[in-house]
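Residue 70 in the UniProt record's numbering sits at position 70 of the sequence shown; the count goes up by one each step and never skips.
Derived from the structure by calculation, the hints contain no laboratory data.
All the given hints hold, so there is nothing to weed out.
Heads up, simulated DSSO-like pairs for lysine-lysine below, C-alpha to C-alpha not over 30 Å straight-line:
# : residue 1 : residue 2
1 : K89       : K103
2 : K89       : K130
3 : K124      : K89
4 : K106      : K130
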Amino acid sequence: NNGSIDNDPPAAMRYTEAKLSQLSEELLRDINKETVSFVPNYDDTTTEPMVLPARFPNLLVNGSTGISAGYATDIPPHNLGEVINGTLKFIDNPDITVNQLMKHIKGPDFPTGGIIQGVDGIKKAYETGKGRIVV
Numbered sequence: 001n002n003g004s005i006d007n008d009p010p011a012a013m014r015y016t017e018a019k020l021s022q023l024s025e026e027l028l029r030d031i032n033k034e035t036v037s038f039v040p041n042y043d044d045t046t047t048e049p050m051v052l053p054a055r056f057p058n059l060l061v062n063g064s065t066g067i068s069a070g071y072a073t074d075i076p077p078h079n080l081g082e083v084i085n086g087t088l089k090f091i092d093n094p095d096i097t098v099n100q101l102m103k104h105i106k107g108p109d110f111p112t113g114g115i116i117q118g119v120d121g122i123k124k125a126y127e128t129g130k131g132r133i134v135v
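Model the full assembly from the supplied sequences, consistent with the hints where possible.
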């Protein structure tokens with residue numbers, strides 16, 4: 001957030017800070033190895049990574065839900081062990097198909113439980129980025 005055309009100031013640091021747990025700190029352990037580009041932060045007082053170099057696919061494991069400035073996302077969380085296994089298979093074979101990958105990553109893993117009805121919606125989401133999952 002860089003402020004507005006009405007001269008509102010940028011978002012305060014309290015809105016962009018992160019509270020890191022031990023696992024989150026592990027994600028960023030090698031951030032100083034310059035594997036990603038850094039860009040100015042919201043008020044140009046420091047720099048921050050353009051993307052986070054993570055030691056495991058955190059976005060898939062934790063998921064993400066939100067709406068901001070006309071964009072929306074809803075990525076469900078996945079099982080850490082399944083995601084790691086799928087990642088290892090992807091590293092071994094970058095041309096792995098969605099069907100092959102789904103042998104390792106079965107689908108979302110909702111923390112509140114539930115049974116997913118069918119796999120067609122999961123497969124479509126993995127193939128296209130859009131899908132409908134019935135719980």
